[in-house]
Amino acid sequence: MKYYRSHVLVCVDPECLKKGAHEVMDAFQDELVAQGLIDEVQVLETSRIGGCDHGPELMVYPEGVHYSNLTPDDMPYLVEEHFLKGRPAQKFITEEKVFTDEELSAPTAKEIRVVLRNCGKIDPENIEDYIAEDGYQALGKVLTENTPEQVIDTVLNSGLKGRGGAGFPAGKKWQFCRASKETPKYVICNADEGDPGAFMNRRVLEGDPHSVIEGMIIAAYAIGSSQGYIYCRAEYPIAVKTLRIAINQARSMGLLGKNILGTGFDFDLEVRMGAGAFVCGEETALMASIEGNRGEPRPRPPFPAVKGLFAKPSNINNVETYANIPQIILRGAEWYSSMGTEKSKGTKTFALAGDVKHTGLIEIPFGLTLREIVFDVGGGIKDDKKFKAVQTGGPMGGCLPESYLDLPVDYEAITKAGSIMGSGGLVIMDEDTCMVDIARFFMDFTQDESCGKCTPCRVGTRRILEILERICAGKGQPEDIETLEYLSAQIRDDSLCGLGQGSPNPVVTTLKHFRDEYEAHIFEKRCPAKVCKALIRYEIVDGVCTGCTVCARNCPVGAISGERRQTHMIDPDVCVRCGICKQVCNFNAIVIN
Amino acid sequence: MAGNGKDGNVVVAAVKVAVDRYGASQDELIPILNEVNREIGYLPGEALDEISRLLRVPKSHLFSVASFYRMLSTKPHGKHVIQFCESAPCHVSGGREVWLALKEHLNIDDDQTTPDGKWTLLTTSCLGVCGVGPVMVIDDDIYGNVEPSQIPTILEKYH
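Taken in order, these protein sequences are the chains called A and B.
With the working numbering applied, the first sequence covers 782 to 1374.
With the working numbering applied, the second sequence covers 232 to 390.
Read the hints as simulated data drawn from the structure, not as lab findings.
Since the structure is predicted, the reported quantities are computational estimates derived from the model, not experimental observations.
Ideal Cβ placement from N, Cα and C applies to all residues, glycine included.
Check the hints yourself; a few may be wrong.
Unchecked claim - The following label-pair restraints were derived from C-beta to C-beta distances:
| # | chain 1 | residue 1 | chain 2 | residue 2 | range |
| --- | --- | --- | --- | --- | --- |
| 1 | A | PHE949 | B | GLY239 | 42 to 52 Å |
| 2 | B | GLY348 | A | GLU1247 | 28 to 38 Å |
| 3 | A | PRO843 | B | ASP340 | 37 to 47 Å |
| 4 | B | ASP251 | A | GLU821 | 47 to 57 Å |
| 5 | B | SER298 | A | VAL1240 | 12 to 22 Å |
| 6 | A | ARG786 | B | SER295 | 52 to 62 Å |
| 7 | A | GLU1247 | B | SER295 | 24 to 34 Å |
| 8 | B | GLY239 | A | ASN1374 | 58 to 68 Å |
| 9 | B | ARG252 | A | GLU1247 | 40 to 50 Å |
| 10 | B | ILE373 | A | ASP904 | 19 to 29 Å |
| 11 | B | ASP341 | A | GLN871 | 56 to 66 Å |
| 12 | A | GLN1364 | B | TYR389 | 22 to 32 Å |
| 13 | B | ASP340 | A | GLU1305 | 23 to 33 Å |
Please build the complete structure, drawing on both the sequences and the hints.
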């Protein structure tokens, strides 16, 4: 296969053609020949690279430089500057378009985009866009130049760990599966990104589906598989649709199916949609679900690499793991392992959510501290309130307080701090968050999502939830904290899968770091963050209230009384603490006590 | 979308379409159930009978699968289904007030249908649009940055 150092896309939309796009392209190619660069630069015709208002225009990758208002006479200068001297020809560069993307803004100084590099930049429904970004080059390289063992070695040497949460080295997993003798073997992509607040995988599937598909084909070649499945949660209908389009396009170009790229290697892919069960993100439950069963986990060993889907050897990685693979193959294991910390290599995507100024996706090298993530990348806490805690690792993760802000984020450090990396959700909470309520909230989630197979998880999470609800309702009992600790230890030790074992984590970590809040609820019947409804009262401040009657008119239960232009009153026995009055008051006259 | 007493023929036809599309095999069960659930609005007993017959899978297994997954329902839903995201990012950005306002406004609880059959209120797990929480979905329409006071206006749009 031929490698080009640059790809140049020339817009040939009618408008640009009218302004002489073909003439520019011809002059450009002539000049490449003249300067001896024609073998290093690939020129492609494309459409829609800009608005065509300033055509003819062209785009140079990998730099992503956009030149416009070009004439054939400009070509000698452009080719010499950019392609010979290697510096962008400033005079033809147009201002970069400002993207207004709520989920994924332009990378901040501390970010490195590997997995998210194409998201928002290419058209996910057009395979040619991906190919223009070096797409499927890694596949071509491994199929023509590497043995499966060499591919596995590259992945091993890169230090890539499974991005689904547990952080098991991806190369090792592939090695185990390759070593299994039984056939057929399956390659599975876990796209059941269920952790609340984590939507990195959704964005990759919707924005750059081919990177995942290419990673899977390479994995299939490495382990010796000819059939793959992508299991995507049903909550992501757009991701499913995008994936199906991408698979069909890859198939029609001979990148999936029989005899891929003419090398005799066969592999095909199918998308399976879930039906709404969080536990199906657990690998054995996921495979049970593909087989048409209840998504219940089973004990390991045997591990999927030995006995997985349909009791055959299977390699299962998550979306982000596969999306890293093409880049690792193309740019080398050393490049990848040069990023990150001693034991956690490369970059990781995170979804920032909650009370942080810039919510959305980020991708950073391992080793940045939580403080850098929250304050430098995330822009700090909304409304300049005080940071209280960050919840890492989703519902089975833990809440880390301010004292952990200087923790460098990698698999080892987060685990040592008592939380987990998980898939990469980071929920940031400000001073107005009640940690008991948060623990109750996560417990409500896990007890609901417990598949019911193991008693400690099924019953234990329910009991913990009841206790937490009681505490939040102002009916906490002195022995509750001790009972919570006892139950948490039992559930952790006696459940089968990660969901059960991790489910007490929010309780354990909040008890460890915010014990005083539990005590305030139980012994003083007080919610310090003023969140728990049974422990707070809405009151109207005399002198601030103007008697405008807005609160009384909006109260859904008629708890507010008072004459026009007189201070109003809230009847605490009728009030349901919905907070609407506080929200609609224009004078900040309503306070919580 | 259908209420009680869905015409048996319609159900059998919907099952046939789904089974023809995916093939009569147990590992296609979840795609089949998903499709029938989407067509009919839920999975009536007749649908499970018919799937059981075509796939040669015991009805007990079908029921165990259908009752396991949140998106499959064995009971009828209202004309419009509201799914409220109950995940942490929505919760900490004011979701609980919206949830209370929804329940208050419709006078029903989670997983219930209004007596007139117009609304069913469900919670959903994270929809991954956490950047604009709190989030709710009515039928196929997603609403982000919802505030409690907007509830009546949003619901008014549906007839």
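Going through the hints against the structure:
In this structure the supplied range 42 to 52 Å holds for PHE949 (chain A) paired with GLY239 (chain B), their Cβ-Cβ distance being about 50 Å. Remark: the range hint 28 to 38 Å for GLY348 (chain B) to GLU1247 (chain A) is upheld by a beta-carbon distance near 33 Å. At roughly 55 Å, the beta carbons of PRO843 (chain A) and ASP340 (chain B) sit outside the given window of 37 to 47 Å. Under the hint 47 to 57 Å, the C-beta atoms of ASP251 (chain B) and GLU821 (chain A), about 53 Å apart, fit the expected range.
Restraint check, SER298 (chain B) to VAL1240 (chain A): a C-beta distance of roughly 19 Å satisfies the suggested window 12 to 22 Å. The supplied range of 52 to 62 Å is met by ARG786 (chain A) and SER295 (chain B), whose beta-carbon atoms lie about 58 Å from each other. Look at GLU1247 (chain A) against SER295 (chain B): about 27 Å separates their beta carbons, and that is inside 24 to 34 Å. Here the CB-CB span from GLY239 (chain B) to ASN1374 (chain A) is close to 60 Å, well matched to the stated 58 to 68 Å.
Taking the beta carbon of each, ARG252 (chain B) and GLU1247 (chain A) are about 45 Å apart, inside 40 to 50 Å as hinted. At about 22 Å, the CB distance of ILE373 (chain B) to ASP904 (chain A) agrees with the hint of 19 to 29 Å. For ASP341 (chain B) and GLN871 (chain A), the Cβ-Cβ distance of about 60 Å falls inside the hinted range of 56 to 66 Å, so the restraint holds. Against the hinted window of 22 to 32 Å, the Cβ-Cβ separation of GLN1364 (chain A) and TYR389 (chain B) comes to about 24 Å, which satisfies the hint.
For the pair ASP340 (chain B) and GLU1305 (chain A), the supplied restraint of 23 to 33 Å holds, since their beta-carbon distance comes to about 31 Å.
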